[in-house]
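There are 2 protein chains.
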Amino acid sequence: MIRASFFFSNMAAGALQLAVALLSLFSAVLSFPLGPETKHTTTCGYESCHATKPNMLNVHLVPHTHDDVGWLKTVDQYFYGDRNDIQHAGVQYILDSVVDQLLKNPDRRFIYVETAFFYRWWKRQSSSAQQTVKQLVNEGRLEFVNGGWCMSDEATTHYSAVIDQMTIGLRFLNETFGACGRPRVAWHIDPFGHAREHASMFAQMGYDGFFFGRLDYQDRMHRMVQKEQELLWRASDSLTPPTADLFTGILPNGYNPPEGFCWDQSCDDPPIRDDPDLEDYNVDDVVMRFLTIANSQATVYKTNHIIMTMGSDFQYENANLWYKNLDKLIHYVNAQQANGSKVNVLYSTPSCYLQELHRANLTWALKTDDFFPYADSAHDFWTGYFTSRPALKRYERISNSNLQTCNQLEVLGGPASRQGPFGEGESQTMKKAMAVAQHHDAVSGTEKQHVANDYARRLANGWQRCQVLVSNSLAALSGSSAKRIYCDNLNISVCPLTESSKKFSVSVYNPLARPVTRPVRLPVNGTAYAVSDANGKAVDCQVSTREVRRNRGFAVNELVFQVQAPPLGYSTYSVSLRQAGPRPASAQPGAPTVIQNKFLRVTFDPDTGLLSSLSNLETKQSIKLTQNFYWYNASDGNNLESNQPSGAYIFRPNSSTPFVISRTAKTETIQVQFPHMVQEVRQWFAPWVSQVVRLHGDSRALELEWTVGPLPIDDGLGKEVITRLDTSIKTSEIFYTDSNGREVLQRKKDFRPTWNLMQSEPIAGNYYPINSRAFIKDDVDQLTVVTDRSQGGGSIHNGSLEIMLHRRLLYDDVRGVAEPLNETSNIFPEGLVVRGRLLLSLDPPSVAADAHRPLAQEVVMQPLLTFTNGDLSPNTRLEFSGLQAALPPAVHLLTLTQWDKDSVLLRLEHQFQSWESKVNSQPVTVNLQKLFSTLDVLGMSELNLSANQWKDEMMRFKEKPLLKTFQDPSTWEVTLRPMEIRTFLLRVSLR
Amino acid sequence: MIRASFFFSNMAAGALQLAVALLSLFSAVLSFPLGPETKHTTTCGYESCHATKPNMLNVHLVPHTHDDVGWLKTVDQYFYGDRNDIQHAGVQYILDSVVDQLLKNPDRRFIYVETAFFYRWWKRQSSSAQQTVKQLVNEGRLEFVNGGWCMSDEATTHYSAVIDQMTIGLRFLNETFGACGRPRVAWHIDPFGHAREHASMFAQMGYDGFFFGRLDYQDRMHRMVQKEQELLWRASDSLTPPTADLFTGILPNGYNPPEGFCWDQSCDDPPIRDDPDLEDYNVDDVVMRFLTIANSQATVYKTNHIIMTMGSDFQYENANLWYKNLDKLIHYVNAQQANGSKVNVLYSTPSCYLQELHRANLTWALKTDDFFPYADSAHDFWTGYFTSRPALKRYERISNSNLQTCNQLEVLGGPASRQGPFGEGESQTMKKAMAVAQHHDAVSGTEKQHVANDYARRLANGWQRCQVLVSNSLAALSGSSAKRIYCDNLNISVCPLTESSKKFSVSVYNPLARPVTRPVRLPVNGTAYAVSDANGKAVDCQVSTREVRRNRGFAVNELVFQVQAPPLGYSTYSVSLRQAGPRPASAQPGAPTVIQNKFLRVTFDPDTGLLSSLSNLETKQSIKLTQNFYWYNASDGNNLESNQPSGAYIFRPNSSTPFVISRTAKTETIQVQFPHMVQEVRQWFAPWVSQVVRLHGDSRALELEWTVGPLPIDDGLGKEVITRLDTSIKTSEIFYTDSNGREVLQRKKDFRPTWNLMQSEPIAGNYYPINSRAFIKDDVDQLTVVTDRSQGGGSIHNGSLEIMLHRRLLYDDVRGVAEPLNETSNIFPEGLVVRGRLLLSLDPPSVAADAHRPLAQEVVMQPLLTFTNGDLSPNTRLEFSGLQAALPPAVHLLTLTQWDKDSVLLRLEHQFQSWESKVNSQPVTVNLQKLFSTLDVLGMSELNLSANQWKDEMMRFKEKPLLKTFQDPSTWEVTLRPMEIRTFLLRVSLR
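Here the protein sequences come in this chain order: V and R. Read in full-length UniProt numbering, the first sequence has 367 at position 367, and its numbers run on one by one without any break. Read in full-length UniProt numbering, the second sequence has 199 at position 199, and its numbers run on one by one without any break.
Hints were generated in silico from the structure; no laboratory data involved. It is possible that part of the hints are untrue.
The list makes no distinction among identical chains, and a pair is therefore deemed to hold if it is satisfied within one copy or across any two copies.
As the list claims (entries may be wrong) - Capping the alpha-carbon separation at 25 angstroms, the derived lysine-lysine pairs in DSS-like fashion look like this:
no. : residue 1 : residue 2
1   : 432       : 666
2   : 123       : 328
3   : 123       : 104
4   : 537       : 502
5   : 918       : 432
6   : 328       : 432
7   : 624       : 748
Source: prediction; values computed, not measured.
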């Protein structure tokens, strides 16, 4: 194993002040500090740590609570302590109690993690209570760690939403507490496996270290033996070290206290009974047990410091129980030093523990891969949740797209977007709803049904508020206050306006920094329409009969036409019903042998109706490609090897051979008028599995729109449905998946890069999260699949790639959620139908990223359609772009959002890895002053990734001021290197 | 129904100072105050109550916790919060938390009840924490109610032990907090039925009122309709009103909060969610539900004040949950007054509520009977616990006797008793063990087995400490430091010393204030002994073969001789093995037709071997008397009418007809040498039921020594064993039982004095607690049975009296204890054998009390035997009496115990009811200065019954200073009227 020295410096990052002095380097300096000024000298951060004893084993007791931002209860139920019949948990009381108890003894420490909860609590406190808490924070007695709005899931989240949720959490802390409120440590004690991209982001957010609790049981055993539970994670293959290097510690006991030492009200461990007058004086026993555990733990770590997490889920609601006993424990254990004991126990925090590791000046093992998949036992692979609740996973992804649009239009529309003709609009509700949805029991799909409903409702509420903002903004930009109508159900082909209107317009807003072209598909009841673009030019359009068996609503036909939208802007198309026209295209039984456009050719097997090959006409490459749908029979736990069933978390098929849903597909083809626009083959596999194979005229990707569900369960069998692509590509058991939508990692069957795997689950143990894409390749061909949501997948056979689409399970997998993942409700008593898209591209490996990078961004940030009924007023501006010009292909405009009255937050991203494109994996420069078409940029400062530190001041343990090496040639021109994200605060004014 | 006005005065008893001014009335005044001086003006008690609104319905919210002094866990486990796996409860944390929360808002109130817990907590607090608590008490924010060491059981406790336990609890409060710590209200919210004697004692302890929660469900319904849930209880038929009058309130909901308003951590009711930004704002709903409940409750009470108990078992461990929501409730409910609501809600205490009832100046219903038996449903009579754990009940009663001896000898022996030749002795451990044993899940027998074991162990530990004291004291009094040996197992005929020694002496200490004569029965292995009394005079003695089948140990013979012991003193007998003598008397098969002494004649039925008649030879009265043993088949809950099984609390026979254990008894008779000393017939009913019928030479009572157990359960049937006396007495379905060992109440079959009973359990619904005696009578004959412990019993048939002796049950009765009352253990895997005595006397009703009153006291305060091996040194004082003379027959010396260095507490009791004896039911006067033989009485002050107030100052709501009417003719002469107990603090010095 490669080892690297993790260079810590002697510079204590603790008391860094958010001064503005260094900002004078910039030509136009923002004059406001990020946080409030600190009135007194403070001793928070590393300076506030308790002294340790160099010649002893120092045991760092870390009092903490782990407060899920929704799981068995909704986030607000958790906050209030409502529905304690489901789970006893009330965060308002935890914070009340911890603050009280911290005040009782200045030695005590507490860390708090989830800002979503802390924020709710804070705003209900009196100002004197707030002052008290500030004092505790300033003295390092209450320390924030992690500090995002939630503790995000790592397998199923997209980096865009993760950065956003971290930003709003850390911003709140910064604005409330200043430097002392800034977390030094990332803390993901509960997520079910760990993504490399998360570590990279944490490094770029300025965290000095990262601690987590869950990893593969074999990995842990190996690391215990090797004393490699503490390591240096090099989390990017593209960013120059140490930019994405992160010290990473694996906690000794998940995030729980050692056995026998849980003194929460939820535990039954014996309290310390130290009154000799009462029964069962047990101090000697407690001390002896503690010393045994401490000494034993020390044997699997490298230094004379060890950490113990004294807390767990929703603990410290009555913090007195914990602290009263911890006070006694510390007193009695340290009293043994007089008798020669070499164990020193102290209240501590993860950052204080980290500081001691830093001082130890050791060399740590280097890790460059990730911590997926996670198994806590031989047959317990947590790879089911990669796909669990696919509808929620998609809704979260669409919501992110809508939020980015909302954010952009808030900036572009100016103050009128927040207060305009449609009332008060705002993006905060949506931001918080999205932030909550990143939680590791939210988008992960591992929450109870009613909680999943709550997450969705929050997103819907947020979007409602954003719609007002979007309408106001578009009114300001277009000059028309005509009512905007949103058709959020176009995925099931429902839009009352288009179904009934004889004349309407549709505006297509594109949140990407380059133009997009895409088909628009609208349910209609007319048979012929005229469509014209923003210049009044007629646009080809196609009416075909609507597929009604797998859709909802009352439309009989579907209108399709191609639209183009400018960067960060919209284009408006008018649609009118025509009296006469050609008969709508209808579906005819049978599939063609071949469909093709100028880029791709797709063939079907006439006997089975399945895909049979895919060819790239430009590169003249061709592969055999068969695609079909299968289901794994979910284990019900009734099994000799293990009684683990498949559930919300766990994927455990009863057999490694999935059942094919149908060997043949019944097919239909739409006989369209404009085959250059779209060609469409419908495949029927079962009443509950169908697919539309679409080839758009100017697309380099083949679209497979799958519709799966409700999964039948009358046979009493839980089902996990996959689609499998079997190709002629020679993959050597290797495939590739992305990490949180960014960098791609190589995966090899039955193999882990850092230890000798004993594989016990041939399918589930080879599944990985696919966040936005996966590919298989050989020297010649790369087949890339871009997904529209997070899914699990694997490559079990040579040349094969399978993706799990939907799951319906009849047993709980005993990880706490206590519900089978059945997804029935009043609205869907039959179970859930889920629809999604896979986009396939075939390219030579050396240029594949040039296609899949922009393609995936188009899926992540998709155009938003708004509709207006009737005629638009003549002065309406039908087209608009917020950018002066499209950004270069390598640059993705990740964030544009209002920060405060006069400033906006901008993130620009180089979206290519260093090795994946000759053309695009190059540094690229953007001039910020020339970016916007309607905004003047008056000032600019660069921030760290999470926007809670000036970048100059972000100085982790022993980084040389490396950022200077990226100094821009001029103030306004910023250069982006592969996979780099740069974050700027811009002072702007609307022109 | 009779009604009486309950006269409240305007005198606020709240801030009474324990000044010493009035003490100058006495010739020799004690100069120390009872409690600490109060430094500041305080506003505790009634003065600290929140204002109410006269034109509104005032809802008094009373935050409280009910902390069982042992039940499912031991008292110390409850204190620490140990064994939370059994029940989540930790009193240390409750008090920590409540104090913290009271400090947060001066409006908040809390009451605390059980001093056993408060004391444990207090002594672990820092002095600054103690000062804080004192301040809360002085401001009436923390108020003590009840305040005894525990909340005693009312059915199975003896008044002697109840007074003691109240005294040590209230003394602690008084010494710690002074007047503000004195409870104004008695609070028995949980005991399972309420004894009239308890109410009488509470009145005499100076309580202004009494609240409880449990009463018969029919009684409650009737009282709700009649608005008689608040009443005046006249609790004595002998004491002059209002001495034993007590205002009594029945709480509306047991002691729980109204449904939906439990905000403890142990409850799941929805918290008040008043942040409109979060989900499920519910303030309107909460307020509406509360108003509905309050208005509904007001319809069944008389005034515009109602009380709500906001708490329950071991609640307030995290008081923040309760108070945070109560603060909100009060705020939002009272805010509705602006909209015309006429409900005013406030933090309150039982005394503040009581004050408002007092101010209402109403007339209340008068009650003169008691609240037994308690049924919470038609088939759920809580009459099983009257007998549950008969061995523990007896051990508690012996322990009380031993403690009184220990207390007396601590006084009589002086300081040398605490520090003497046998080391340090003390009585505090035993006092506290006895106090704990009075708890309503202790001597009641309704605790888990391991907790019952703990109570017994505490008593044993206490007795160990007392034995040192007793040995020291007897050494000082006798002048001999020879080792004293205690034979605590004489009840099972085990005493290693007497079994092996050839020469030993036995000292008989008599704690009664008059001489006693009684047989001593010792296991021996010799066949002939010589016994001499303190004067060296030979004493007749009898050796007989020991019954080994139902006893333990290794003795083959039993030595019996009669001893006499002086009042509050001892007499010492010497025993020597003789080389030769008559052959030991042995048991011969068969019973005589008749046995008799000079007082009684007893006949046996020659066919059955059972008793057949009893005659009083002095009064020449005779009754038919058959006695036999039966068992009720305990319901297993599998029953059409109800699924209630018999259990630790509930008595529910499966049939009203008990099974006879045997229609005939196999009998044996001991052919004794001295029939004038003792005659003995042994009866065998089954291997598990036997009895010895004994007639002692100079006794007016027939002794029935029963031995029952282990009850067989191999037939799968729970058994409740009774003995039944069937007589020729014409009882008209009436019988009599005592209340806590004092006044006797009349019981009538299927009848309750205050409502029209619908009887649903013909046996269990006619059971009552028998604490020390029961009798049946007609105009001519009264058969009185004195018991040696509390038992349940009834008179189901005319002329019949049945007493339940032992129970063994296979099902839990779902009242929380969650164990069947099976009483198996490692030591007794077969189940428990229990032995006890019934003493029968037959007299004309008019003089029966002259016999049973002293007889019962001899059982309650029995002589203590101590043994010394070998010869005593010649200077040993062999006889001693602490009194100058025996007290008159009507006077019982209830208490003589060291109070502090120079003073002792004395209680004298008139032990006759006003109506029960021509001779003895007369006032009687005692001169305190002439009481003791070895103590000079230097000063004297009279106290209330619980010794926490000077009697002069004990002024309950509107008592005229009635005590003056009992002014003694001279300072030292005190007159006792029937059933009066007078309590004195004496300053004494040893002569």
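Against the structure, the hints:
no.: 1; hint: 432 - 666; in the structure: neither (45 angstroms within a copy, 87 angstroms between copies)
no.: 2; hint: 123 - 328; in the structure: between (34 angstroms within a copy, 17 angstroms between copies)
no.: 3; hint: 123 - 104; in the structure: both (23 angstroms within a copy, 19 angstroms between copies)
no.: 4; hint: 537 - 502; in the structure: within (19 angstroms within a copy, 131 angstroms between copies)
no.: 5; hint: 918 - 432; in the structure: neither (39 angstroms within a copy, 88 angstroms between copies)
no.: 6; hint: 328 - 432; in the structure: neither (41 angstroms within a copy, 27 angstroms between copies)
no.: 7; hint: 624 - 748; in the structure: within (22 angstroms within a copy, 99 angstroms between copies)
The structure is inconsistent with the numbered hints 1, 5 and 6, although it conforms to all the rest.
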